[in-house]
Every structure is written in C-alpha cells, then in structure tokens.
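Chemist: These are the residues of each chain, in order.
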Amino acid sequence: MSLGDAELFVSDAGTRRDEAISSLAFGKQHDRINDTVKFLSQQEDRHLLFPIIKHTATIHRERHPNAKVIQWKNNGDFVKTRTSLLPDDRMPRDEEQWNNVANEIPDSFKEKFGQNATFVLQKEADFLWDTNWFNSVEETLDAVHSLYNFLSLTDWDKVKEFVEEYYHLWIKAIVTPKPKWEERQ
Amino acid sequence: MNFNFNTSNLVVFQFPRYAGGKFVINCLGLSDNMVLQSRSLAQRQVDGTISLEDKKKYIIDGQI
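Sequences listed follow chains A and B, in order. So in the numbering used here, the last one in the first sequence is 186, and the numbering has no gaps at all. So in the numbering used here, the last one in the second sequence is 233, and the numbering has no gaps at all.
Everything labelled a hint here was simulated from the structure, so no lab data went into it. Keep in mind the model is a prediction, meaning the values are calculated, not measured. All clues given are correct.
Mimicking DSS-like on lysine-lysine, the simulated pairs with C-alpha atoms at most 25 Å apart in a straight line are:
hint	chain 1	residue 1	chain 2	residue 2
1	B	225	A	159
2	B	226	A	159
3	B	225	A	173
4	B	226	A	173
A few chain A positions that, by computed beta-carbon distances, are all more than 12 Å from chain B:
hint	residue
5	17
6	19
7	20
8	89
9	104
10	105
11	106
12	107
13	110
14	111
15	112
16	114
17	116
18	117
19	139
Here are the in silico distance ranges between beta carbons for each label pair:
hint	chain 1	residue 1	chain 2	residue 2	range
20	B	217	A	108	45 to 55 Å
21	A	119	B	223	36 to 46 Å
22	B	170	A	177	36 to 46 Å
23	A	82	B	225	19 to 29 Å
Glycine included, each C-beta is placed from N, C-alpha and C at the ideal position.
The shape of chain A in the complex, shown without the other chains (with noise of 0.2 Å):
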C-alpha cells in the first residue's frame, strides 16, 4: 500500500489512516475506507475503473479475486539508478526492493501463509509491465497505449500527447538527486 492508495481510499480528516488501509490489504471493512471508493467497488453499470498499489513481491489473489493485476518485472536496473541518487534516508525498505516475481510459490511462503494462499505468481499476471521500457518514449508510450486497450479505455488519441510530455518531465525529474526529507520544503 502507498501514500497514493490513502489519498484515494481514506476519508479526509482524522486519524487512523494507517489502520484503515491495511484492513484494504487483509480483506476488511473499516470506517475510514470512504464512500467514494465504496461507490467505485460497486458500481457494476458503469466502466469506471480505480487503482491500488502493492509494493511487495507477493499479494494474494484471494483477497481481490476479480481485480486485473498488473505486475512489474526487470525492475533491478531502474530501481538501484533511481535509489543511488536518494539520501539514506528515503531508501525504501528490503520488502519493497525486488526485481522479478517468482514464477512458483516457495515452500517459505506454503508455511507461513499456509498451503491453500494463492499468490499471483508472474507467469499469471494479468498484464506484465517491463520497466526496461521506460529507457525510450516510444516504447513507454507503446506499453501504455497497450495497457490502455487491455483496460478497455478507448481514449488514448486523446491522451497520447500530454502522455508524452509528461514522459519527458518526469524522466528529467527523476535523475535529478532528491535532499533528506528534513530538507524538503
């Protein structure tokens, strides 16, 4: 789960946001889960999609049985550029740095989570996302127009240009080294 994931899924005011997400992660009510969302999930005339995000290697399949899951993979390469230019302080945690999905369920996980879990393992992933494709605009665009039509969204002539532009802004952004989060403003 992320920052973004809150933003989107937890009600605006008060406290406990951390609660309430990870009830989203296990599978739980909870009160600070907002109506918004709450209308989005079930909502069934309407082709209105959301996103949620999962920064570790394993999520279970179980928990969002009918969700479309897009995966990462080659993500090593980008990753460690990207890191080397963080003060230690941002550096993400061990869970959160991976570069592949296994493709079988390791005998560590049948006994931690037990032998009926289901993982998406990479071989079933429903749209696999190649981060090598980031190293070229056309490709970058050629992918995200892809997953446009695997979403069924039908209005990428209408996007691919302000796509591109932001394909460069954020591609300058990204190289340039981040200060600690005592130096932000």
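Use these hints to put chain B onto chain A, whose structure you have.
Modeler: Chain B alone, transformed into the frame defined by chain A:
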C-alpha cells in the same frame, strides 16, 4: 454501504518503490474511465464535473 472486495473495477498495480508505477497510474488516470489517486478528483469524476485539463493540472502540479 461496504467496500466490495469482489469488484472487477479494481486494478492492482504491483511494483517496488521507485519502479515508475505512479507514472503509469497517472497516465491511465487521464482516461474518462479511470480515476486518479485522489479522493476529491475521483468524486468529481463520479459526478461528471472533472475535465481532462483538471487531470493534467493535478499531474503536473504533483511533478513540480
């Protein structure tokens, strides 16, 4: 109303931090059929009161 964990409208993005996932989510969130990671903007999309320009501004402001 409860959150429906069986929804088919949910898209799970599984990526390690700093692997560019937020960039892709923002690109998809430009669509009329997907929301961005903001409750207020998502509600405006449900209500039909958000424009593509509003979404672009949210993304660019977050990038700066």
